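*Asks:* Going by this note's numbering, the letters in the sequence shown line up with residues 6 to 344, in that order.
Simulated from the structure, these hints should not be mistaken for laboratory data. Bear in mind that the values here come from a model prediction, so they are computed numbers and not experimental data. One or more of the hints may lead you astray.
Unchecked claim - Simulated restraints, written as ranges between beta carbons of each label pair:
| id | residue 1 | residue 2 | range |
| --- | --- | --- | --- |
| 1 | G267 | H18 | 17 to 25 Å |
| 2 | P143 | D279 | 31 to 39 Å |
| 3 | P90 | Y342 | 31 to 39 Å |
| 4 | H246 | D204 | 43 to 51 Å |
| 5 | I233 | S31 | 34 to 42 Å |
Unchecked claim - Each computed DSS-like pair below joins lysine-lysine, with the alpha-carbon atoms no more than 25 Å apart:
| id | residue 1 | residue 2 |
| --- | --- | --- |
| 6 | K183 | K135 |
| 7 | K135 | K75 |
| 8 | K63 | K75 |
| 9 | K129 | K63 |
| 10 | K344 | K301 |
Every residue, glycine too, gets a C-beta built ideally from N, C-alpha and C.
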Amino acid sequence: MLEHYLIGTYTHHTSQGIYSVTLDTSAGRLSPTRLEIPIQKPIFMTFANNGILYTIEKLDQDHAAITSFKEEGGHFTRLSSVSAPGTTTAYLAIDEERQLLFSANYHMSTVTTYRLDGQGGMQKADQVLKVGATGPRPQQELPHVHFANLTPDRRLVICDLGMDQVNIYNLTDQGQLKLVTTHQDQPGFGDRHLTFGRDGRFMYLVGELSSKLEVLAYDQENGELSSIQTVSTIPADWTAHNGAAAIHVCHSGRFVYVSNRGENTIAVFEVQPDGRVKHIQSVATAGDFSLSHDQKFMIVANQNTNDLTLMRRDPATGHLATIQTGVPCPEPVQVLYWK
6 MLEHYLIGTY THHTSQGIYS VTLDTSAGRL SPTRLEIPIQ KPIFMTFANN GILYTIEKLD
66 QDHAAITSFK EEGGHFTRLS SVSAPGTTTA YLAIDEERQL LFSANYHMST VTTYRLDGQG
126 GMQKADQVLK VGATGPRPQQ ELPHVHFANL TPDRRLVICD LGMDQVNIYN LTDQGQLKLV
186 TTHQDQPGFG DRHLTFGRDG RFMYLVGELS SKLEVLAYDQ ENGELSSIQT VSTIPADWTA
246 HNGAAAIHVC HSGRFVYVSN RGENTIAVFE VQPDGRVKHI QSVATAGDFS LSHDQKFMIV
306 ANQNTNDLTL MRRDPATGHL ATIQTGVPCP EPVQVLYWK
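The task is simple: from the sequences and hints, build the whole structure.
*Replies:* Here's what the structure looks like:
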């Protein structure tokens, strides 16, 4: 069976935009990549259920955009774009039921909501500018919103790396935001990305600057978060630089995966009955990653080595094994399931 993916990239050097790659799940092999959409700095993308692709785009030194595309006749056609002063955003997510798009802008310290018209068009609905005290590390000179997506009960949750915070907002059908709760992490934690377990009771939060994984209980009644465990994503004797990055939970909810940039590993954690996690494996590789649609593989985007790595995943044990390396792809940073 064939699964197709899009690869988001930086375009500092040789990359020309968004690439595609095909996974043959029977053979356990990735195809050569090919350019699908020439575009500048598409470092994050998301698909709507109607097949419209929304991607980040750099316009010039002072302006960026969110741009939509639709595949037609084997080619992606540009539909619409909404631009704003400042640098490119860091994260995009969609609320299908309310037809909203969320944008987290790391450098501008903002989270923005847009109303979608179903045809690729976007209209700004609301925006929150983060201000306040930040953490002690050099990367925390300002608030830095790094993530924005839905909670299981359809609130909006964001990670602020600069302020060491997770903020949860109520969200109207029109995209208006109202702050409900704030979870304050330890100074220097560097909240980057998060995901929820299968039943929505537990949140798994990765701290980029601390290289830690935090498990939090989520109370859907009032939006409160309670920390129940914090573990390292790297060995205790690791002293060189490391930044924890991507985090994903498999569909069964039994295993959590975290990437480390520096140690260059994927750390594998097994979820215990009480929601806590136990480290069971670390596999050498470097970059962002995505689990395959059938959950039997992992595709890793290695930005610094300009290639992709394919790992086989055992759904029963959660363990990973590298089966293909060195698939050329320029400056890859995101792997997104396409079809």
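*Asks:* Hint by hint, say whether it matches the structure.
*Replies:* To see whether the hints hold, each was checked on the structure:
{"no.": "1", "hint": "G267 <-> H18: 17 to 25 Å", "result": "holds (21 Å)"}
{"no.": "2", "hint": "P143 <-> D279: 31 to 39 Å", "result": "holds (36 Å)"}
{"no.": "3", "hint": "P90 <-> Y342: 31 to 39 Å", "result": "holds (32 Å)"}
{"no.": "4", "hint": "H246 <-> D204: 43 to 51 Å", "result": "violated (36 Å)"}
{"no.": "5", "hint": "I233 <-> S31: 34 to 42 Å", "result": "holds (41 Å)"}
{"no.": "6", "hint": "K183 <-> K135", "result": "holds (13 Å)"}
{"no.": "7", "hint": "K135 <-> K75", "result": "violated (33 Å)"}
{"no.": "8", "hint": "K63 <-> K75", "result": "holds (19 Å)"}
{"no.": "9", "hint": "K129 <-> K63", "result": "holds (18 Å)"}
{"no.": "10", "hint": "K344 <-> K301", "result": "holds (16 Å)"}
Going through the hint list in order, the structure does not satisfy hints 4, 7.
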